[in-house]
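Colleague: Now for the letters of each chain:
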Amino acid sequence: MNVFRLALASLGHKKLHSFLSILLLSFSLALVMVLFTAKDSFEESFTRNIKGIDLVVGAKGSPLQIILSSVYHIDAPTGNISLEEFEKLAANRFVKKAIPLAYGDNYRGKRIVGTDSNYSALYNVEMEQGRKFQRAFEVSIGANVAADLDLKIGDLFHGSHGFSEEGESHAQRDFKVVGIYRLSATVIDDLILTPLASIWLVHEHPEEEGHEHHHEEVAREITAGLIQFSNPMATLSLPRQINSQTKMQAALPAIEINRLFSLAQSALDLLEALAYVLLFIAAISIFVSLLQGLKDEEPQLAFLRAVGISRYKIVLLVWAKSIFISLIAYLFALALAVISLELLSLKLPNLSEGLGLQTLQNPLQWWLLLSVLIIGTFASLLPAWHAYRINIPKILADA
Amino acid sequence: MALQTTNLQFSYHAQKVFKFPDIKLASADAALIIGPSGSGKTTFLNLIAGLQKPSIGEVKLGHQFINKLVGRSLERFRAEHLGLIFQKSLFLPYLSMMDNMKIIYSIQKRKASPTEIESLFADLNISHILHKKASTCSIGEQQRAAIARALLQKPSLILADEPTAALDDANAQKVGDLLLQMSKSQKTALLIVTHDARLKKLISKSYHL
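Line order of the protein sequences matches chains A and B.
Read in order, the letters of the first sequence correspond to residues 1 to 399 in our numbering.
Read in order, the letters of the second sequence correspond to residues 1001 to 1209 in our numbering.
Just chain A, with the same shape it has in the complex:
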């Protein structure tokens, strides 16, 4: 009978106490794990998606909303801008690349974005199958779109208005899938890309469509545009110029995302504080259950001391119980964190895939494991001291 087997048997004997301690500790640990992984991944995915975009233009409104809707596709756009004005901006000598975006429709929850081939090139996304869209009503779809909606090359579908699946259906013409992009951990994964012309055609009213040749060319509109500067100096002058001289609103992604992070940061800080409070309560619960367990076993332990077991063995027994609780809780927490992170990456397509695996590989795990062992040791200090000082004759006389 070694001390560690004895510790396990004793924990099993006090199932409810052990369970409560393990539950508390594993929940608080899982919260810490989820937080540090999700935070990293959240920041990383937001930064990855603004790579190469120096400026975004949209209709006048909140700059953050323009960024969220046009770069991350997680908000409604502020309105439309005129294509003519955008093309004028694209010709500016400070502008290296200008990518137009027209959106406002979806197919079963996935956004349909009218753009040109520069958009996927911006993120270096390659084709997995098929080819890039060329003519109106051809679409190339992101990897998640293909997987989630079970779409293949050659499939036909028609979009609905708005961003929710229940939007009014556009019954006129079918979109045709001509290509599927490779998984890239960028926004492209969840988008349906098509030429601008498709979006314009879909939104023309049928009676207009019939008489199109009788009218003057309709003023074309887009929703937003992504701009890459040719010269960093443009950061200072161009936004001001756009805001004062055009009907468009300029937004700098880097600045808006920093603002978003600082907003999110306070929420994350609060959650983190909560996790540490829970961790502290878990440590107290281990302490209480160890002390209670010790009190219940005191006569038996005093007997073993009387027949010659060393006091260090008894101290080791108390510590081993605490360490077992901590280790079991750590393993539970790991499982809990992996499962909830996997669910999280399914729910939030903007976060990268395989968050659960990421948390396992995070070097912080080793620190967390070390901290857990330290917490376990601290929780066992007082009970171990109590065990060390067991008054054998008194306890045996009272037994």
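Relax, there's no trap hidden among the hints.
With a cut-off of at most 27 Å between alpha-carbon atoms, the simulated DSS-like pairs for lysine-lysine come out as follows:
#1 B:LYS1111 / A:LYS313
#2 A:LYS96 / A:LYS247
#3 B:LYS1102 / A:LYS394
#4 A:LYS313 / B:LYS1109
#5 B:LYS1088 / B:LYS1133
#6 A:LYS295 / B:LYS1102
#7 B:LYS1133 / A:LYS295
If you are wondering where the hints come from, they were derived from the structure by calculation, not from laboratory data.
Once you have looked at the hints, place chain B on chain A.
Modeller: Showing chain B alone in chain A's frame:
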């Protein structure tokens, strides 16, 4: 002599001093310590076991003065030479009797011998509880297992504090008989603190406090 005490005295405070009779016990010898409650019977036992230190006097077991040992060497001496039996048997309730016995081996740093445990349990007529959890055994069974545990240590002295107090007549008789028989066959000195009249019929030698 297996056990010899000389001029033992102990006091919890100055007003009350316990003086204990000198005891001489050969191996395989058995004796009772008899006295009313509060006369210091358990204290006497603790002094002999080295669990408490006398204010004056000596306890000699074999060639060793127990009262001169401290710390780890006292613990080791107890592990090798003393078997203890109490009114309650004090087994870890969540372990089987077998595992409770194995703890004794690990304290003595010996390799556990299941066959030794089995034959001892057979001698004491409790083979059927060997793999039962201690908490599920009756008090009579537990007390017999406590004798087995004391004998497993191969001690030169068994100290028993009211081993039959919690037992009915039939079980008290059985436990008393077994203790005597085992101490004879294993050449172990036996000292029993008791006020149980049933034991006085079995063991004639006694010290009165």
